[in-house]
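Engineer: Protein chains in written order, with this note's numbering: chain A, 1 to 650; chain B, 1 to 253.
To be clear, the hints were calculated from the coordinates, so they are not data collected in a lab. Possibly wrong hints are sitting among the right ones.
Footprint (simulated), chain B over chain A, 3 or more residues, beta carbon under 8 Å [claimed, not checked]:
no. : region
1   : 229-241
2   : 507-515
3   : 561-574
For each residue, glycine too, the CB sits at the ideal point set by N, CA and C.
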Amino acid sequence: MKLNSKIPSGPIQDKWDNHKFSIKLVNPANKRKYNIIVVGSGLAGGSAAASLGELGYNVKCFCYQDSPRRAHSIAAQGGINAAKNYPNDGDSIYRLFYDTVKGGDFRAREANVYRLAQVSNNIIDQCVAQGVPFAREYGGLLDNRSFGGAQVSRTFYARGQTGQQLLLGAYSALNRQIAAGTVQMYNRHEMLDLVVEDGRAVGIIVRDMVTGEVERHAADAVLLGTGGYANAYFLSTNAAGCNVTAAYRAYLKGAGFANPCYTQIHPTCIPVHGDQQSKLTLMSESLRNDGRVWVPKSKTISEKIINGQMHPSEVAEEDRDYYLERKYPSFGNLAPRDISSRSAKEACDDGRGIAHNAGHNGVFLDFAASIDRLGQPKIEERYGNLFEMYERITGENAYKTPMQIYPALHYTMGGLWVDYNLMTTIPGCYALGECNFSDHGANRLGASALMQGLADGYFVIPFTLADYLAGTVGLANAGRTATDTEAFNEAEDAVKSKTNKLLSVNGKQTARSFHKKLGQIMWEYAGMARNEEGLKKAIELIPQLREEFWSDVRVPGENGELNQELERAGRVADFLEFGELLCRDALDRKESCGGHFREESQTEEGEAKRDDENFCNASVWEYKGPKEAPVKHTEELTFEYCKLAVRSYK
Amino acid sequence: MKLTLKVWRQKNSNSEGKLVAYDLDGISPDSSFLEMLDILNETLIERGEEPVAFDHDCREGICGMCSLVINGIPHGHERQTTVCQLHMRHFKDGQTVTIEPWRSKPLPVIKDLIVDRTALEKIQQAGGFVSISTGGVPDANATPIPKQVADVAMDAAACIGCGACVAACKNASAMLFMSAKVSQLNRLPQGKVEKDRRVLAMVKTHDELGFGNCTNFGECQAVCPKGITLDHIAKLNRDYAVASFKNIFGGVK
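Input sequences plus hints: build the corresponding full structure.
Structural biologist: Dropping the structure here:
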């Protein structure tokens, strides 16, 4: 496996422009001759499919839900970053770039991040033109707020539903292309394999989830915008259907998988209520603008609160530990996600958690001070829908009793390795949005996921894809439709035999119960803090669980029908393999960085300690076969513009 | 908690369905309605029976995938709450709960509690967009938009496209759903440019797909999990009247 990042030469602010000039173009009249497959319809996939359709390409877009509007980008609450500097508070492209690289703990590629910051402003313009109703001031101009890891207000938002509004914007653009006939939409279709022929991606195998029919689709290029893999942990803030299958199948077909151990644990989620829980719900990070995070200073008070003997508001100021404000005075409650999450864990491990669950895992997010300062109506205006959501789930009124929060799996920075053009190590196979690895390093800053998904789909792939189509595929071979080749036969046979195998085990345990067990292993050994012993244990336990799965899973029903258990079992089977890869990567990366915290590598104060001498790189894993261990390659990261420094938010 | 569930079971779109009763025990009041169904399905699979098929995804009330009629009310009896956000603490121990799919001709049942909402997609494809392509747009602050206009547009844009309004309507009208998009875009300067075309095209498609007309009962507003109000239907009707009038004189192309 060769890793050529294809970073353009020249000063960082000129790289993207130079690159756009030097790569090949497809003439407008020739675009319709090329067939493109886009898998996923979220911010990355949806915006890519729409933009490519507008340019005139023949696009097929696939999603597993009943409509592209359901993709999980829709659940993002807080906002989207851009370097507009509308508030006149010192922001710039360079600062957004710098903050993102630093926030990612210096494990992202500088050139990609700079490009992201450059196009961030175009995204806001684009969305406004689509009719996205961003929040506005009385003067009619756009409002901004601040988010974790930044000292400027650069986040644009639409109440607590920014992801929804941005996705519906992309969805409207996609609808326009569906109506125009440039995009064919395949709802309720799940990608089960990537077809690679002569070393190039030439199509996919999908299952029609209503009829069970397995279909072949050919194209000149395949774009994956299939999201992250947080559901490997069973409990996460991802949608129930989010899965790693498409990305993992690409990995099995030769795409390098980069930094699978970089997972983001979001500090403000609603604590676990019990063992019937199926998912965790995020409370937007924006709440930390006005909420103060605290736990009691003493265990005795925590116990009294849990037992209902004391109301949180009765705890005297001097008995409260506002631990983020104490430890990180300059960023306070807006310390980055990884740091805030670990601090919450520390407080709860210290016995001062306040939630009514096993381990008492929960801390307060208290709005009392802000309500005193600004009045309840202002807080309602800013976060009303979040408070309602909190009350629906917990039955508690957060205007009266402080919210309880605890970290949960939320986002994954790792993903398919891509070059500057967003192409994986398989020519013709691209990865966009959360499913690639490139922009967030070891930790993503708030409001940057929406930015990256849309940057990739609207403003990067429309240019970079043309280079491959014009340069490698060529006009003579454009418009691939043939699916009667050996590569397609093999891929389809593999899909069908896996399905048959799942249906024929006929054991006793459900796919969900295996998923839950895998999640417990992952959270225990590869969660917020990891160590060598634990990771080795996980690498031992996961293959055992996998074996048990294949000998005792029960998948009712047949293939030739709508069969949700079959869908689930297929996804869990892939998680059972992928989870091991994640743990291997976490074991291999002996340093702490961003969301990856190795207990062996910390400072005296308990902060993450990077090892730039040995790990200033991206780990890229190559699949070698079912019985072989994957092989690691590395892409060295160089920092010419950001100074490699200890990340300090104090 | 103990519950008796009466669940609509239907093998596929061609077969007949019926309500089947199941007894369920040990449900935590803190569980969500869908978590309760998860437990029912786990029990069914372990007993060697077919689990109940139902649509769901984000489980946080925003994707619009979940679509159950609970005791006769789309999304159940809690106001402005999707099924996935409905929690068992709102039910009584020992209660009988009837669970059915959306019922309306344009949204046919695919299996058990899953319906086909392709018709809603087609309404959006008819005009639920601003006809601009990626790139070449003005600066985001070039056009100031009064806060109150942006706020009402946002109220409308909050629609999650679940289809509860159709399921609740005795005419199977999708007017509330359609009006949410029309009201959002037609109100904003970006969308005003083609407001006549949009409203005519969307209403035409809506009618062709077999959705009924609005007769102002307001059932849709009562069940809407996002609080979309009839005001948006009023806006739709007004815009439709204006566009139709202009159209008589050949003004809308």
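Engineer: Would you say the region 229-241 of chain A counts as covered by chain B, given the rule of at least 3 residues with C-beta under 8 Å?
Structural biologist: Satisfied; 4 residues make the cut.
Engineer: At a Cβ distance under 8 Å, does chain B reach at least three residues of the region 507-515 of chain A?
Structural biologist: Per the Cβ count (4), the hint holds.
Engineer: Three residues minimum, CB to CB under 8 Å: does the region 561-574 of chain A make the cut for coverage by chain B? Let me know.
Structural biologist: holds (count 4)
Checked against the numbered hints above, the structure breaks none of them.
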